[in-house]
Every structure is written in structure tokens, then in C-alpha cells.
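> Spelled out, the chains give:
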Amino acid sequence: MPDFEPKIVAFVCTWCTYAGADLAGTSRMQYPPNVRVLKFPCTGRIDPVFILRAFQKGADGVLVSGCHPGDCHYMAGNFHARRRFAAFRALLDFVGVDLNRLQFSWVSAAEGGKWVEVVTELTERVRTMGPMPEFKELEHEELWSTFAGAAGGKSAVLNSPELKEAYDSIG
Amino acid sequence: MNARANKNHLTSIEPAYYEAVTEAIRKEAVKILKEETVVGVVGYLPGRRKGTATPALVTSVEEAEKLIFSPACVNNLSVYLTKAKKGVLKQGKVGIVAKGCDMRALAGLMTESQLQREDLFIIGVVCPGVYGFGVERTGTLTEANIARKCRECTVHMPEGADVAAGTHAELADLTPEEAEEMARIEAMPQAERWAFWKEHFSRCIRCMACRQVCPFCYCEQCLCDKNRPQAVESSPRPAGNMAWHLVRAMHLAGRCGGCAECERVCPMDIPLNLLNRRMAKELKELYDFEAGLAPVEKGPLNQYKEDDDQSFIK
Ligand code: SF4
Ligand code: SF4
Ligand code: SF4
Ligand code: SF4
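Keeping their order, the protein sequence lines are chains A and B. Per our numbering, the very first residue in the first sequence carries number 1; after that it's consecutive. Per our numbering, the very first residue in the second sequence carries number 1; after that it's consecutive.
Note that these hints are calculated values from the structure, not bench results. Quick caveat, the model's predicted, so the values are computed rather than measured.
Partial selection, computed: residues in chain B whose CB lies under 8 Å from chain A:
no., residue
1, A191
2, V232
3, R237
4, P238
5, A239
6, M242
7, L246
8, V247
9, M250
10, R278
11, M279
12, L286
13, Y304
14, Q310
Heads up, the beta-carbon is just placed ideally off N, CA and C, and yes, glycines get one too.
With the hints as constraints, model all of the structure from the sequences given.
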């Protein structure tokens with residue numbers, strides 16, 4: 001896939017990683033422009049649903065990054081986030097999401113270099129993996145289209161030609 | 001003990017056992033109502049159709065004498081204390097009939113400060129099991145009609161209840177169907193797992209029964225109902241469904257008591273308890289947390305240790 005430019009969404013905390021990314025910029029370090037940075041007060045504010053939404057709306061990779069343990073501006077936000085994301089990873093894995101598309105990191109305000117490294121590594125990894133179709137496909141599917149492959153039972157009831165026709169005629 | 005010896009042989013639980021439990025519940029409920037220890041008792045009354053039961057809040061001795069326990073008593077009644085009959089707790093102490101798995105929910109709700117132990121009089125049921133979905137309700141519990149969750153139950157004995165109704169009885173040699181199904185899914189290649197869940201989630205009609213029945217889904221406003229900004233698409237389409245199920249599993253992680261009520265009420269037969277169990281397993285492995293019969297200070301996702309695993313973080 002020569003022309004594939006991955007879309008990476010980075011959820012970062014304002015106190016450490018955002019400042020770190022800023023440092024990378026003011027120090028004129030180069031990193032892939034594929035990353036879109038979204039600033040939050042704390043990693044503890046980054047809800048797993050944001051990650052899902054990013055994937056649904058077209059992200060091929062997601063980065064979540066905040067202060068190193070012990071450095072949290074709010075004392076313990078990142079410790080709580082660490083547990084929550086450990087659990088969330090297990091859930092995503094269980095439903096069949098490739099965890100290579102989701103990266104977590106601690107990047108402090110002084111670590112412009114580490115920010116560059118993390119972003120570059122994730123971008124290049126996702127580039128070799130290609131686009132992430134799973135969540136995006138769901139966005140464009142209706143119930144009956146996924147039912148087509150479903151085996152019999154009650155699901156087949158909803159997969160009637162009439163419904164399909166009605167749906168197609170919506171234009 | 002005899003109970004132990006029996007345990008290895010039982011292939012059915014006869015109606016007599018449930019009748020004995022029923023008697024014990026009635027006796028206790030009548031007593032605490034008469035003594036005015038409680039303002040009411042949340043329990044089960046016979047349903048209108050034969051072989052069914054219906055949850056009820058009874059406040060008089062006459063009604064209490066009609067309480068039952070049978071394999072049809074599937075509901076986890078603790079949900080009545082956080083939702084439907086929440087107000088009754090304001091009037092005084094409330095009695096509640098609880099099976100072991102329901103007691104885990106009560107314990108969890110105490111952990112979350114939604115209930116106080118001293119406000120409850122728990123009539124624990126020594127529970128051999130309840131009916132599964134769509135089975136023949138013969139009055140006798142056997143391997144053929146027992147619920148899937150009961151096959152792997154570890155809380156037949158409701159320890160920590162104020163009184164326990166029943167003696168020890170459980171069926172022997174049940175295959176752990178749910179654990180086997182979990183292992184099967186975990187062994188699938190990743191793409192197959194995605195296909196498996198995608199098919200299941202796509203069928204979801206977003207009736208929200210799974211949420212309404214869950215004692216822990218007591219949020220005044222569910223994240224999934226919010227539309228400004230909208231976090232999860234609310235129409236029953238595959239995209240929103242996937243998000244809803246992941247959000248639900250996440251919100252219940254470390255809290256779910258494993259009553260499998262969400263799965264029981266799902267009209268589309270989506271195996272929700274597999275997700276609950278997967279999360280429970282992870283939290284056990286990572287933080288050595290297991291939902292138990294007694295409240296704890298904090299749930300696993302409401303606390304942290306400085307040296308928690310962070311091998312996945314760069
Ligand atoms: S899981 Fe255990 S306590 Fe709960 S209904 Fe089944 S046998 Fe009874
Ligand atoms: S799904 Fe989450 S937000 Fe909604 S009621 Fe349950 S716990 Fe609350
Ligand atoms: S998530 Fe399901 S199994 Fe867990 S407590 Fe709620 S209803 Fe029970
Ligand atoms: S009960 Fe079943 S169909 Fe209804 S919202 Fe829950 S998972 Fe979907």
C-alpha cells in the first residue's frame with residue numbers, strides 16, 4: 001500500500017505530553033504529520049469511549065499519552081488511567097481488535113525526543129499494517145447487511161428483501 | 001458431613017427442597033414483619049402462570065405468607081433497591097431474599113455506598129440453581145434445565161446473610177459450558193473473534209433491557225443516552241451497537257457480580273455474560289480482585305497501586 005497515510009489520533013494530557021509535543025515543535029524536531037493531537041486535562045479524563053469514537057470516525061491508530069507515574073498534576077489521574085486502560089485493552093483484544101493499533105505512553109514535558117520517537121514508531125507500525133477497516137465498516141453497515149451472513153435463526157427474519165428494498169429506496 | 005456426601009451424587013433437586021426453602025423464607029419474613037424489624041421484604045411471589053415467579057415487595061404478614069422460592073426465581077432482586085423500589089429504603093430497614101449471586105450484587109452495591117448493610121435484612125437462600133432460558137419447567141432442577149451461570153456457581157452458600165434458608169444442595173458433575181465457550185473464543189484467531197462479536201452485537205436492538213435489569217447500572221443518566229455531545233450512537237445500528245457493548249462491559253468491569261441477569265433478559269440472545277466474565281478474569285489476573293459476598297473498601301478500578309503492571313505502556 002504505497003500511498004497509505006495512516007490517520008493517528010493522540011489523546012494527551014495537557015500538563016506533560018502536550019507540553020512535550022510542544023517542546024518537540026519549538027525544538028524543531030521532525031515527526032510524522034499523521035498525528036492529530038487532542039488535549040485533555042489528564043489521562044484520567046480520557047474515556048475509553050473516546051478511543052472507540054476515534055476508530056469509528058476513521059483513525060487507523062490511537063495514542064494515549066500522559067505524565068509519568070508520580071508526576072500527575074492531579075496526583076493520581078494517571079494511576080487510575082493505567083488500570084482502566086489495562087482492562088480496556090483486554091476487552092478490545094477479546095472482541096478481536098488488534099492492539100498494535102493502540103499505544104499508551106508516558107511522555108513528560110521535557111521529553112520532546114520521546115514524543116517524536118513514540119509517534120514515529122506508531123505511525124510506521126500502522127503504516128505497515130494498512131488501514132483499519134473494522135470500525136469504519138460498521139459505520140456504513142445497517143442491520144440487514146450484516147445479517148446476510150448470519151446463520152438462520154431469528155436474525156434471518158430481519159433480513160427480508162422487503163426491508164432491503166425499503167432501505168435502498170431511502171436514497 | 002452428609003451434605004458433602006450427597007453433593008457427589010445429586011442428579012436432580014426435587015421440589016421438596018424448594019418447598020423447604022419457601023417455608024423458611026416465609027417464616028423469617030413473617031417474623032421480621034411482625035416484629036417490625038423491616039418495613040417490607042423484597043422477595044418472590046408465584047407468577048400467574050404455573051411454574052413462574054414474580055418479584056414483589058411485600059409489606060404485610062398475609063402477603064409474606066405467600067412468598068416462594070422455586071427454580072423460577074431467576075431475578076436478582078437487588079436491582080429493586082437501586083432502582084424500582086429505591087424509595088422504600090427511606091422508610092426503614094428492608095428485608096431481601098437473596099441467592100448467592102444476588103448477594104454479590106448487594107455486596108458490590110455496599111462497596112459503592114449505594115446500600116448500607118444496616119439498612120438490610122438479608123434472607124439468604126442456599127441455592128442449588130435456577131432455570132435456564134427456554135427450558136422445560138418441571139419443578140425439578142436437573143442438568144437439562146439449570147441456568148448456564150449455575151453450572152459454575154461458587155456461591156451456593158450465601159455467607160454473611162442474616163439468616164440462611166435451606167440446607168446444602170447442589171447438582172454434581174455439571175459441565176462448565178460458559179468456561180468452555182470462553183476458552184473457545186479466546187482460542188479463535190483475532191479476525192474470527194471480531195466476526196463472532198460483530199454478528200452478536202449486530203443483532204442487538206438496543207432495548208436496554210440488559211441495562212435496566214443490572215443492579216449496577218443505576219446511573220441517573222446513562223452515558224449511552226446522552227446526546228449533547230453524543231458518546232454512543234443510540235440507534236440500533238452496528239456501529240453504535242459495538243460501542244454500546246464495549247462501553248457496557250467497561251462500565252461493569254470490576255463491579256459486576258456475575259448474576260448474568262443482563263444475559264437472561266436479552267431478547268436477542270447475546271452472550272453478555274461472556275464479556276462480563278472476560279473482564280472479571282482480567283481483573284483477577286491483574287489486581288487479584290474477585291467479586292465476593294462481602295463489601296470491600298474500593299473496587300479494582302477505583303484504586304491503584306504504584307507498582308501496577310505497566311508493561312503495555314511505553
Ligand atoms: S449462580 Fe449460584 S446462587 Fe446464583 S442462582 Fe445459580 S446456583 Fe443460585
Ligand atoms: S452503561 Fe454505564 S453509564 Fe449506562 S447505566 Fe450502566 S454503568 Fe451507567
Ligand atoms: S452486568 Fe450483568 S451479570 Fe453483571 S451485575 Fe449487571 S446484570 Fe449482573
Ligand atoms: S438486552 Fe440485548 S438486545 Fe437489548 S440492548 Fe441489551 S444486548 Fe441489546
